[in-house]
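S.K.: Heads up: the sequence lines are chains Z and B, in that order.
Counting in UniProt numbering, the first sequence tops out at residue 186, every number present.
Counting in UniProt numbering, the second sequence tops out at residue 169, every number present.
To be clear, the hints were calculated from the coordinates, so they are not data collected in a lab.
There are no misleading hints in this set.
With a Cα cut of at most 27 Å, we get these calculated BS3-like pairs of lysine-lysine:
| hint | chain 1 | residue 1 | chain 2 | residue 2 |
| --- | --- | --- | --- | --- |
| 1 | Z | K47 | Z | K171 |
| 2 | Z | K85 | Z | K171 |
| 3 | B | K142 | Z | K47 |
| 4 | B | K142 | Z | K85 |
| 5 | B | K70 | Z | K174 |
| 6 | Z | K77 | Z | K150 |
| 7 | Z | K174 | Z | K85 |
| 8 | Z | K150 | Z | K174 |
| 9 | Z | K171 | Z | K77 |
| 10 | B | K130 | Z | K85 |
| 11 | Z | K150 | B | K142 |
| 12 | B | K102 | B | K55 |
| 13 | Z | K174 | Z | K77 |
| 14 | Z | K174 | Z | K47 |
| 15 | B | K130 | B | K55 |
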Amino acid sequence: MPPIAPRSGDAIFASTERVNAELFTLTYGAVVRQLLTDLEEVDEVNKQLDQMGYNIGIRLIDEFLAKSNVSRCVDFKETAEVIAKVGLKMFLGVTASVTNWDAEGTTCSLVLEDNPLVDFVELPDTCQGLYYCNILSGVIRGSLEMVSMKTEVTWIRDMLRGDDAFELQVKLLKQVPEVYPYKDDE
Amino acid sequence: MQFFGGAEINPSPPAVTASGNNAHMMYIFNRNGVCLLYREWNRPLHTLNAQQDHKLMFGLLFSLKSLTAKMDPTSVEKVNLGVPQLPGQGCSFHSFRTNTYKLSFMETPSGIKIILVTHPRTGDLRESLKYIYNLYVEYVVKNPLYTPGTPIRYELFNAALDQYVRGLG
Numbered sequence: 001m002p003p004i005a006p007r008s009g010d011a012i013f014a015s016t017e018r019v020n021a022e023l024f025t026l027t028y029g030a031v032v033r034q035l036l037t038d039l040e041e042v043d044e045v046n047k048q049l050d051q052m053g054y055n056i057g058i059r060l061i062d063e064f065l066a067k068s069n070v071s072r073c074v075d076f077k078e079t080a081e082v083i084a085k086v087g088l089k090m091f092l093g094v095t096a097s098v099t100n101w102d103a104e105g106t107t108c109s110l111v112l113e114d115n116p117l118v119d120f121v122e123l124p125d126t127c128q129g130l131y132y133c134n135i136l137s138g139v140i141r142g143s144l145e146m147v148s149m150k151t152e153v154t155w156i157r158d159m160l161r162g163d164d165a166f167e168l169q170v171k172l173l174k175q176v177p178e179v180y181p182y183k184d185d186e
Numbered sequence: 001m002q003f004f005g006g007a008e009i010n011p012s013p014p015a016v017t018a019s020g021n022n023a024h025m026m027y028i029f030n031r032n033g034v035c036l037l038y039r040e041w042n043r044p045l046h047t048l049n050a051q052q053d054h055k056l057m058f059g060l061l062f063s064l065k066s067l068t069a070k071m072d073p074t075s076v077e078k079v080n081l082g083v084p085q086l087p088g089q090g091c092s093f094h095s096f097r098t099n100t101y102k103l104s105f106m107e108t109p110s111g112i113k114i115i116l117v118t119h120p121r122t123g124d125l126r127e128s129l130k131y132i133y134n135l136y137v138e139y140v141v142k143n144p145l146y147t148p149g150t151p152i153r154y155e156l157f158n159a160a161l162d163q164y165v166r167g168l169g
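Starting from the given sequences, assemble the full structure and let the hints guide the process.
M.R.: Here you go:
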C-alpha cells in the first residue's frame, strides 16, 4: 500500500528548514535589481528570470518528490492542485487556488492572493514591462518538464501592475512519452 | 551549518534489522538512460564492459516495466509491447528475486531510476530506496557544482551511500 500523498504542504513546510522571509524577499529584490543594471532591457530581464527559474525548477522537482511522497498524478487537473496546495506551500509558504479551467482541461490559472516575493516592491515607471516574479513561472515550467509535461506559463494578473491578485496561466502543450534512449545498432 | 550535503534528511533511515554486507551493486539512471552513478561493493564476476553492462541493465528495466504493464489484469487499457508509455502509465514492479540475488527498483515521476542488487534474502527495500533518493537530493541535486544529467562524482555522496548500504539487513 503506497503512502497517501498529502493534500496540503503544511506538514512538510513546518518540518523543513526555512530562511527568514524578509531576507528572502530582499535577496530576490537585489537579484532583480542587479539584473536590471546588467542587462538594461526589461525584456531581457524577464527572459533571464524565467531561465533562472527554469534551472531551479529542474532540480527542485526532485526535492519536491523526495520530501512530499507525491507519486504520480492521474491527470493535469491533479497536477495543478498539487502545485497549488503542496508545491507552493512547501517552497514559498503560500497556497494558490486553481481556477479558469478550459473545456479540454489543459489550461488553468493559479491565483495567488499572497506573494512573499513582492513585499516592499513598487515598480518605477521605467520598469513597467517587467514581470517581477517571472522566476516563479520558470520554476513551474522547469519542474513540470522534468515530469514529462511541456507547459507554457504566463502571467495574467500582477499586483505590481495594479491588479487585485497574481494569476499565472499554466497551459499544457504536450506530454512526452518515455522512449528507449539507445539505438539498436549501438 | 553546512550549505549542502549536511542537512538532515527526512524521513530518517528505516531501521536496520541485521548487519551484514549484503549489497552487491547499485545503479542510478536518469530518464535518458544515462548512468549517473554505479557503485560496486561485492561483485566477483564481470562479463561485460561497464558501458554495455549499464545499457543491459537499463534495457532490462525498460522491457520489464513494459511487460508488467502488459500483464496487468486490472487495467482495461492495453498498449502493445514496446510502445512508449507516458511515465506513470500502467504499473511497474519494485523487485525481483533469483536464487543468487535480489534486484530492487524504484522510479520517480521525474524519471530517476534507482536499482539496488543485494543478497536474495534481503527484505523489502522500498523504504531504503526512498532514503537513497533523499540522499541523492541532498548531496547531488542541491550541489550547485553539479550539472544535471551528468555522471555523479562526489566523495561525500559515495561515502554516505557506502555507510548506509553497509548497514542494510
